[in-house]
Amino acid sequence: MKWIAFFLLAVNLLVWWLPQWQGIGAADPSSGGALPRVTSLKTSEPVVPVQGPGVETLCVRAGWFDSDAEARAAGEAAGLDYVVEEQEVELAPLNWVLIPPQPEQAAMDQFRALSARGVESYVVASGEYRNAISLGLFESREAAETVLAEKKRDNLNVVLAKFPRNRIGYALVFDVESDRETETVQAVEAEIGKNFEFVESGTCKGVATPKKNP
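If you count by numbering that gives the first Met the number 0, then the sequence shown holds residues 0 to 213, one letter each, in order.
You may find that some hints are simply not true.
[Said to hold, decoys possible] Cβ pair distances, simulated, as ranges:
(1) Ala68 with Ser125: 30 to 38 Å
(2) Glu55 with Glu127: 45 to 53 Å
(3) Arg164 with Ser66: 28 to 36 Å
(4) Thr145 with Cys58: 43 to 51 Å
The set of hints was computed from the structure by calculation and includes no laboratory data. Every residue gets a Cβ at the ideal spot worked out from N, C-alpha and C, and that includes glycine.
Go ahead and model the full structure; you've got the sequences and the hints to work with.
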């Protein structure tokens with residue numbers, strides 16, 4: 000009887016302990032250590048940086064320089080990405096005292112008479128004032144009017160005219176951020192030790208030619 004009772008007790012213990020032992024090895028789906036299902040994985044979207052609006056640039060032309068070499072030296076000294084532009088520059092006209100045009104022979108006769116009196120003059124050879132007699136060119140209008148009055152006192156038929164003139168000038172052309180135009184131009188002026196006679200800017204089409212010739 001004792002063996003029968005012991006056997007039944009052992010069976011009861013085994014029946015009670017076996018489910019507990021199986022539960023220890025079972026994976027708990029809600030456990031933090033469980034691997035996630037493939038369907039639960041989400042692909043992260045790439046983060047694309049938002050770029051601000053493009054920086055507006057202007058094309059600046061600044062001059063004048065007396066030679067191509069002088070303009071290039073200034074561009075190099077200022078550290079610019081530049082090109083040099085050659086252009087005919089209109090200068091302020093001179094004040095011209097002259098005897099109006101007349102027939103060629105009459106002009107030559109009067110020219111000889113003036114030369115004999117020691118008056119500096121020459122006969123204009125071409126253009127609007129062909130066969131006029133020039134008595135002097137003056138930057139100052141006041142100086143020209145003084146000579147004009149003097150010649151009139153000598154009973155000469157003289158007038159005052161404008162003498163147009165041009166020269167070849169060289170300008171630096173370079174790109175600059177629109178909000179730094181004044182700052183950049185002033186920095187270039189400080190670097191080259193001179194103020195520009197003119198500065199103009201507009202929509203930039205890009206510097207199309209290299210700053211140095213091959």
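Could you work out which earlier hints the structure fails to respect and list their numbers in ascending sequence?
-> Going through the list in order, the structure violates hint 3 alone and respects the others.
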